[in-house]
Every structure is written in C-alpha cells, then in structure tokens.
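> Sequence:
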Amino acid sequence: MKALHVGAMAALLTLTAPLPSHALEKINFLIAAPLALPAFGPLIMAKENGYYKEAGYEVEFHTARGGLDIAKQVGVGNAEFGLSLGDAPIVVRGNGIPIKVVATLGGGALGIIVARKDRNIGKVEDLRGKNISVMSFQEANFYAALSALEKVGIGKSDANIQAVGPTGVIGLVLAGAVDACICTPDWEVAVQDGVSQTISFPLKDHTATTAQAIVASDDMIAKKPEMVRAIVQATLKGMRFVMDDPEAATKIYIRSVPSFDGKEDVVLRMFKNFIERTYKGQKTIGETDPELLAQIQKSYVNLGIVYKEAPVDTFYSNAFVK
1 MKALHVGAMA ALLTLTAPLP SHALEKINFL IAAPLALPAF GPLIMAKENG
51 YYKEAGYEVE FHTARGGLDI AKQVGVGNAE FGLSLGDAPI VVRGNGIPIK
101 VVATLGGGAL GIIVARKDRN IGKVEDLRGK NISVMSFQEA NFYAALSALE
151 KVGIGKSDAN IQAVGPTGVI GLVLAGAVDA CICTPDWEVA VQDGVSQTIS
201 FPLKDHTATT AQAIVASDDM IAKKPEMVRA IVQATLKGMR FVMDDPEAAT
251 KIYIRSVPSF DGKEDVVLRM FKNFIERTYK GQKTIGETDP ELLAQIQKSY
301 VNLGIVYKEA PVDTFYSNAF VK
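Numbering (the numbering used here), first residue to last: 1 to 322.
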C-alpha cells in the first residue's frame, strides 16, 4: 500500500478529527432562594438532565431578594429570566417595569399557610393575633396570604407577620417561636415532619393565587424570542420529568444536592406534594390562565397593592409554551 502524501494525510486527519463543540451561550436566571431547595425541582432537572445545554445555553442561577426583586431585576435587564409567581407583572408593570409571564409552572398554586394545631388553630379565622413567618414582604405568597386573611376579616395589622428569610420560615415554626408559616409544598412536608400536629390552608382555597412562573422582559421577548422559547421548553421538560417520574427525579435531586443523602423518602414526598398542590391542572403544560390573573388583579386593587387595573393581556404570553 502506497504511503499517503503528507498533504493528503493532513486532510484526512482534519476530516476524521472530532469537530469542536459550539460554545454555550451563558444566561442569568434569578430565583428567590438557593437552588438546592426542592421548590426548584423543574430547574434542577432541566440543568442536571442537560435540557438547557441541549438547547444551547449555560444557565447560571442567582438568588435575589424575593419574587418582586426578581421581577424588577429582569425588567431592567440585569438578568434574562427569573422565577417569580405568576402575579408579579400585575404588581410591577404599573411601576414601569415591563415584564411578562412566559410560562406558569402548574395549574395549582405555590403558597400554603401551615399552622401548629397546639396553638388552637383550626381554621383561617384563628390566625388573628398569631405570629406568622414568611420569607419576604416582597413575594407574591405574602400578598396572597394578606388577601386570604382579609377575606375572613383579618387585616394586615391583625396578625404579626414576620419576614425571616428562607432559612427562618420553617425553623421558627419548628422551634415554636411562631404559630404558623406561609410555606411552599416542600416546606409544608418539613413542618409536618417536625411538629406533631399541623393544619394546612392552601392559599388557592381561600383566594386567587398562582404557581411559580418564568418571567422575561418585553424587550427580551421582542428581540430574542428563540431564547425565550428554548428556556421555557427546557424548564417545562424538567417539570414534566418530575411529574412523570418523581422517584427518578428524587435520585437526580439527591445527586445534585448531597445534603439530602439518606432522605430519599422526604424528597419524594416533597416532589409528590408539588405535583398535587402546584403542577397539576393545566390543559397545556406551562400555560397562563388570564381569568385567574384578572381575579388576582381585582384582589390586589382592593388591597391597595396596585392602584388601578391594566389590560390582562399585558401580563403574560402563552406563545412560548405551545
């Protein structure tokens, strides 16, 4: 066999060598608490299963100071995306912060008031005069709780609601320092495991409220719709993974968050609680319900959180979930 000419050999090596992979585009995604929480299961699954990378993006998650801070930072362009609650645009657009919900992560809701039964709490009305912990005064679950309490005649000053940050919400309930907390489905399980008797009041049973939602600015939606669609679809794929196989999601979660090693049963119950309380109930996964947003807006006007109503279609887009 004749030796290949040097030039031909070089050409052959070039053809057979692996092609360099395209660099992933980095984007910033704001969340209200550390990514390690089970509340961010869809995001963790999308990251760990490579859904974001398959879409061509390297997503970096950063913690902000609550859902409304997320909305503001996204609106001014400090981050491409954020995970807030679906009512965030209702609160911030009136202040000139142009964001929209581009996907709602479930047909249920995120907020639950979880109370200690040993504090003589058996119904929402019994929260009058009680000490209640919440992560932040700049989050939609706080507003939803105010609405739920107002409907039974409990004003903002009729209960002692304390903003204590993500680590204090359930810790103070477990220690007995507060009587109840405004929680998420994972924290509900943690309180149930740490207190002998509890009672839960899902906020959606008492007022109009919503689940977590991906928000993007009007500018981002107009200029980079392909990026918005890619991030939305990858995140929804992560949510589907949790819903379809919570056992597999639990294993992936614990691999990603080793501090939960040995607590597989706890994580699994938390994911199942999210499925039941938050993720279920959408005809099209990720879609935003305009009628629900209209109800929330009316409630927030009544509470004085916003001063006037705006067209509901300025708050959301369902174009990226289909």
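No wet-lab data here; the hints were simulated from the structure.
We put the beta carbon where it would ideally sit given N, CA and C, even for glycine.
Treat the hints with care, as some may be off.
Unchecked claim - Under the rule of at most 30 Å between Cα atoms (straight-line distance), these lysine-lysine pairs were calculated in the DSS-like manner:
| no. | residue 1 | residue 2 |
| --- | --- | --- |
| 1 | 263 | 298 |
| 2 | 117 | 156 |
| 3 | 251 | 223 |
| 4 | 272 | 117 |
| 5 | 251 | 224 |
| 6 | 53 | 308 |
| 7 | 53 | 151 |
| 8 | 272 | 308 |
As the list claims (entries may be wrong) - Pair by pair, the computed Cβ-Cβ distance ranges are:
| no. | residue 1 | residue 2 | range |
| --- | --- | --- | --- |
| 9 | 176 | 263 | 38 to 48 Å |
| 10 | 60 | 137 | 47 to 57 Å |
| 11 | 218 | 60 | 37 to 47 Å |
| 12 | 314 | 259 | 35 to 45 Å |
| 13 | 194 | 247 | 19 to 29 Å |
| 14 | 307 | 262 | 27 to 37 Å |
> Hint by hint, say whether it matches the structure.
Here is how each hint holds up against the structure:
At most 30 Å may separate the alpha-carbon atoms for a hinted pair to count; residue 263 and residue 298 exceed this at roughly 42 Å. Our distance criterion of 30 Å between C-alpha atoms is met by residue 117 and residue 156, whose separation comes to about 22 Å. This hinted pair does not check out: residue 251 and residue 223 have alpha carbons roughly 38 Å apart, beyond 30 Å. Only pairs whose Cα atoms come within 30 Å are accepted, and residue 272 paired with residue 117 is accepted, the gap being roughly 24 Å.
This hinted pair does not check out: residue 251 and residue 224 have alpha carbons roughly 34 Å apart, beyond 30 Å. Our distance criterion of 30 Å between C-alpha atoms is broken by residue 53 and residue 308, whose separation comes to about 42 Å. Distance check on the hinted pair: residue 53 and residue 151 sit about 45 Å apart at the alpha-carbon level, beyond 30 Å; violated. Straight-line distance between C-alpha atoms of residue 272 and residue 308 comes to about 38 Å, which puts the hinted pair past the 30 Å bound.
In this structure the hint that residue 176 and residue 263 lie 38 to 48 Å apart at CB is violated, the actual value being about 23 Å. For residue 60 and residue 137, the Cβ-Cβ distance of about 27 Å falls outside the hinted range of 47 to 57 Å, so the restraint is violated. Separation of residue 218 from residue 60 is about 23 Å and departs from the stated range, judged on CB atoms against 37 to 47 Å. Between residue 314 and residue 259 the C-beta distance comes to about 41 Å, which sits within the given range of 35 to 45 Å.
The beta-carbon spacing between residue 194 and residue 247, approximately 24 Å, falls within the hinted interval of 19 to 29 Å. In this structure, residue 307 and residue 262 break the distance hint of 27 to 37 Å, their C-beta atoms being roughly 51 Å apart.
Violated hints for the displayed structure, listed by number in ascending order: 1, 3, 5, 6, 7, 8, 9, 10, 11 and 14.
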